[in-house]
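Residue numbers (this note's numbering), protein chains in the order written: chain C, 1 to 301; chain P, 1 to 301.
The hints are simulated quantities; they were obtained by calculation from the structure and are not laboratory data. Since the model is a prediction, treat every value here as computed from it, not as a measurement. All C-beta atoms, glycine included, are put in the ideal place defined by N, C-alpha and C. Where hints are given, some of them may not hold.
[Said to hold, decoys possible] With a Cα cut of at most 25 Å, we get these calculated DSS-like pairs of lysine-lysine:
hint: 1; chain 1: C; residue 1: 203; chain 2: P; residue 2: 77
hint: 2; chain 1: P; residue 1: 203; chain 2: P; residue 2: 258
hint: 3; chain 1: C; residue 1: 258; chain 2: P; residue 2: 176
hint: 4; chain 1: P; residue 1: 203; chain 2: C; residue 2: 258
hint: 5; chain 1: C; residue 1: 258; chain 2: C; residue 2: 86
hint: 6; chain 1: C; residue 1: 176; chain 2: P; residue 2: 203
hint: 7; chain 1: C; residue 1: 203; chain 2: P; residue 2: 176
hint: 8; chain 1: C; residue 1: 86; chain 2: P; residue 2: 176
hint: 9; chain 1: P; residue 1: 176; chain 2: P; residue 2: 258
hint: 10; chain 1: C; residue 1: 258; chain 2: C; residue 2: 176
hint: 11; chain 1: C; residue 1: 203; chain 2: P; residue 2: 203
hint: 12; chain 1: C; residue 1: 258; chain 2: P; residue 2: 258
hint: 13; chain 1: P; residue 1: 176; chain 2: P; residue 2: 86
hint: 14; chain 1: P; residue 1: 203; chain 2: P; residue 2: 176
hint: 15; chain 1: C; residue 1: 258; chain 2: C; residue 2: 203
hint: 16; chain 1: C; residue 1: 86; chain 2: P; residue 2: 203
hint: 17; chain 1: P; residue 1: 203; chain 2: P; residue 2: 86
hint: 18; chain 1: C; residue 1: 77; chain 2: C; residue 2: 203
hint: 19; chain 1: C; residue 1: 176; chain 2: C; residue 2: 203
hint: 20; chain 1: P; residue 1: 258; chain 2: C; residue 2: 176
[Unchecked claim] Sample of chain P residues lacking proximity to chain C, with all beta carbon distances greater than 10 Å (derived):
hint: 21; residue: 64
hint: 22; residue: 224
hint: 23; residue: 289
[What the hints assert, rightly or not] Partial list, computed: chain P residues near chain C (C-beta under 8 Å):
hint: 24; residue: 137
hint: 25; residue: 140
hint: 26; residue: 180
hint: 27; residue: 182
hint: 28; residue: 203
hint: 29; residue: 218
hint: 30; residue: 220
hint: 31; residue: 221
hint: 32; residue: 259
Each chain, written out:
There are 2 protein chains.
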Amino acid sequence: MPLLVTGSIGIDTIRTPHGSSENCIGGSAIYFTMAASFFAPVRFIGVVGADCPFDIPGMFAGRNVDLRGLEVRAQSKTFRWAGTYKETMDDRVTDAIELNVLAEQPPAVPSAFADSRFVFLANTAPRLQIQLLRQIQAPVFVAADTMDFWITDHLDDLTELLTQIDCLIINADEAKLLARQFNLVRAAEQILTMGPSLVIVKKGESGALMCQVDGSRFVLPAYPATEVRDPTGAGDSFAGGFMGYLAQARRTDFQTLKTAVAYGTVVASFTIADFSLSGLTNATRDDIDIRLEMLRRFTCF
Amino acid sequence: MPLLVTGSIGIDTIRTPHGSSENCIGGSAIYFTMAASFFAPVRFIGVVGADCPFDIPGMFAGRNVDLRGLEVRAQSKTFRWAGTYKETMDDRVTDAIELNVLAEQPPAVPSAFADSRFVFLANTAPRLQIQLLRQIQAPVFVAADTMDFWITDHLDDLTELLTQIDCLIINADEAKLLARQFNLVRAAEQILTMGPSLVIVKKGESGALMCQVDGSRFVLPAYPATEVRDPTGAGDSFAGGFMGYLAQARRTDFQTLKTAVAYGTVVASFTIADFSLSGLTNATRDDIDIRLEMLRRFTCF
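Looking at chain C on its own, in the form it has when it is part of the complex (with noise of 0.2 Å):
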């Protein structure tokens, strides 16, 4: 079943203390849909500018990809990001950003996406998340991610968007802001009455939490992983392999969903693993599947 993703596309440039990458491919959107890519067909949606040096479609290539949501914006300059990671790897300085295109109207939805069933909002104004899904006609399940900055000041169109989705994917730090909550889980169900039915919070190299409105709960640490390059969109492949994992299976019990953000954390260990997204590329179905059944070893007792 299609998946439709909006979100960003960037040139970024990254250093890390293993190395460094200039001017690479970036982008919620982009990691999101490499990710998903694996599980069933996406629905592309984003914006560049004249400048993009980037062959997205060659990207993509022989992968179930509909690009027919990317727009090149002539007289606008693609979205930069440059950050450099600590020593530590689990903190990051952003170093320049320029929004550029991302400061513009969004792309629209095109009218052949209208149908799509599962929807991934990436992080950007909830103002522009609530207009993108208007031009959705009847969507199954509905998750958005969000940052600390929609959280401080614009929590009234947050707060409008919440009660429109399924599921809020989100960081530990953002959910306890938006919770005003220290505990994590109670953090989680506090949200939870803000209007999803469905919360996870992505806690990086500590794994992620579940918790649905029904009280079940799912913990899951990250895969142990010792190549860590650059952990640059280890959230959004994640979202993209959750997302991605029940798109191909159409369900969203609460089984389907355990194993969806399994196959999350373990997309997401094979982003990190290099630059950009050589990490992902790199991987085949296979790969997954097999990872995935480390990871049940690794945590199940």
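Based on the hints, put chain P in the right spot on chain C.
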């Protein structure tokens, strides 16, 4: 099978955002023993001064705890610790510490305890841990804890200790410090080259990682607790549940070690639910077994 523990007995004063507890019972041997006593007979070695206000035999009444290693030193004062937890509950500051009797000669191992098979050496000077261990005739499985001070200032002694134990149970930051390695799995693998065949890294609210020298790994999140009033003693309770279950099972194959880590995790979740020992002493073995099955359901996919 009896389990020997040597560690501290303390008079604690604890402040958390959820309340405070003055001059309550604490110390590594106390938390460890209470946790382990749900599973196996415990042989206790520890020392207090004449000022000790606690009825330690009464505290362990009805539990299979052999207190012949409890020494009351008439001319000494009991170890004291005071600490305050931050609002986030994931960090604390030490307000005051008085080593008192812990700075003196450690208690001797009673001859009746010399045939102990399972041994836990709680955190203290590695030189003392070595001396204590020498008094055990033929241990089968020895685990030890340590901390940053011994790693930075007594590394030679600690290096010697590591060649004499089977298992190091250590906090994440201290594992990284000891291994000089920021990646936690690599840090654990590095420590395995220093002597022990098993390393367990305690990650607080992020759970635990276990690595064996044969390449086996296990990762388990913390129990998703909503009741966290006082995290003091969580690590020692974890060790107590872990070692207690091993002593009960009389085996140390990897499947048993995994279940032992899960029991340690569950026991710690009871400890942190209330101040001092109250969380633990209010639990029953049935409560622990029920929560173990909950944890299995929360983590397996």
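Structure-based check of all given hints:
Distance check on the hinted pair: residue 203 of chain C and residue 77 of chain P sit about 44 Å apart at the alpha-carbon level, beyond 25 Å; violated. With a C-alpha separation of about 16 Å, the suggested pair residue 203 of chain P and residue 258 of chain P falls inside the 25 Å cut-off, and the hint holds. Distance restraint check for residue 258 of chain C and residue 176 of chain P: the Cα-Cα separation of roughly 31 Å exceeds the 25 Å cut-off, and the hinted pair is therefore not satisfied. Straight-line distance between C-alpha atoms of residue 203 of chain P and residue 258 of chain C comes to about 23 Å, which keeps the hinted pair within the 25 Å bound.
Simply put, residue 258 of chain C and residue 86 of chain C have alpha-carbon atoms about 32 Å apart, too far for the 25 Å limit, and the pair is violated. Annotation: proposed proximity of residue 176 of chain C to residue 203 of chain P holds, straight-line Cα distance about 19 Å (limit 25 Å). A C-alpha spacing of about 19 Å is found between residue 203 of chain C and residue 176 of chain P, which places the hinted pair at or below 25 Å, so the restraint holds. For the given pair, residue 86 of chain C sits about 15 Å from residue 176 of chain P by alpha-carbon distance, which is consistent with the 25 Å threshold.
Between residue 176 of chain P and residue 258 of chain P, the direct Cα distance comes to roughly 22 Å. Compliance with the 25 Å bound is thereby established for this hinted pair. Note on residue 258 of chain C and residue 176 of chain C: the hinted pairing holds, with a Cα-Cα distance of about 22 Å set against a maximum of 25 Å. Proposed proximity of residue 203 of chain C and residue 203 of chain P is supported: the alpha carbons are some 13 Å apart, at most 25 Å. The hinted pair formed by residue 258 of chain C and residue 258 of chain P meets the criterion: a straight-line CA distance of about 21 Å does not exceed 25 Å.
A hinted pair counts as satisfied when its Cα atoms are at most 25 Å apart, and residue 176 of chain P with residue 86 of chain P qualifies at roughly 23 Å. Using a Cα cut-off of 25 Å, the hinted pair residue 203 of chain P and residue 176 of chain P holds, with the two alpha carbons roughly 12 Å apart. Simply put, residue 258 of chain C and residue 203 of chain C have alpha-carbon atoms about 16 Å apart, close enough for the 25 Å limit, and the pair holds. Restraint check for residue 86 of chain C and residue 203 of chain P: the C-alpha separation of about 20 Å stays at or below 25 Å, so the hint holds.
Of the supplied pair hints, the one linking residue 203 of chain P and residue 86 of chain P holds, its CA atoms being roughly 17 Å apart against a limit of 25 Å. Taken as a hint, the residue 77 of chain C and residue 203 of chain C pair is broken in the structure, with Cα atoms around 33 Å apart against an allowance of 25 Å. Between residue 176 of chain C and residue 203 of chain C, the direct Cα distance comes to roughly 12 Å. Compliance with the 25 Å bound is thereby established for this hinted pair. A hinted pair counts as satisfied when its Cα atoms are at most 25 Å apart, and residue 258 of chain P with residue 176 of chain C does not qualify at roughly 31 Å.
Every CB of chain C lies more than 10 Å from the CB of residue 64 of chain P, the least distance being 25 Å, so the non-interface label holds. A Cβ of chain C approaches the Cβ of residue 224 of chain P within 10 Å, the least distance being about 5 Å, so the stated non-interface status is violated. Under the 10 Å C-beta cut-off, the non-interface status given to residue 289 of chain P relative to chain C holds; the minimum distance is some 14 Å. Evaluation of the residue 137 of chain P hint against chain C yields a violated restraint, the C-beta minimum of about 32 Å exceeding 8 Å.
For residue 140 of chain P, the suggested interface contact is broken, since its CB lies about 22 Å from the closest CB of chain C, more than 8 Å. Taking 8 Å as the C-beta cut-off, the interface hint given for residue 180 of chain P is violated, the closest approach to chain C being about 11 Å. Against a cut-off of 8 Å between C-beta atoms, the interface hint on residue 182 of chain P holds, since the closest Cβ of chain C lies about 5 Å away. Interface hint at residue 203 of chain P: satisfied, since its Cβ lies 7 Å from the closest Cβ of chain C, which is below the 8 Å cut-off.
About 6 Å separates the beta-carbon of residue 218 of chain P from the nearest beta-carbon of chain C, less than 8 Å, and the hint is met. Proximity of residue 220 of chain P to chain C holds as hinted, the smallest CB-CB distance being about 7 Å (cut-off 8 Å). Of the supplied interface hints, the one on residue 221 of chain P holds, with its beta-carbon coming within about 4 Å of a beta-carbon of chain C, less than 8 Å. Hint status for residue 259 of chain P: holds, given a least beta-carbon distance of 5 Å to chain C, under 8 Å.
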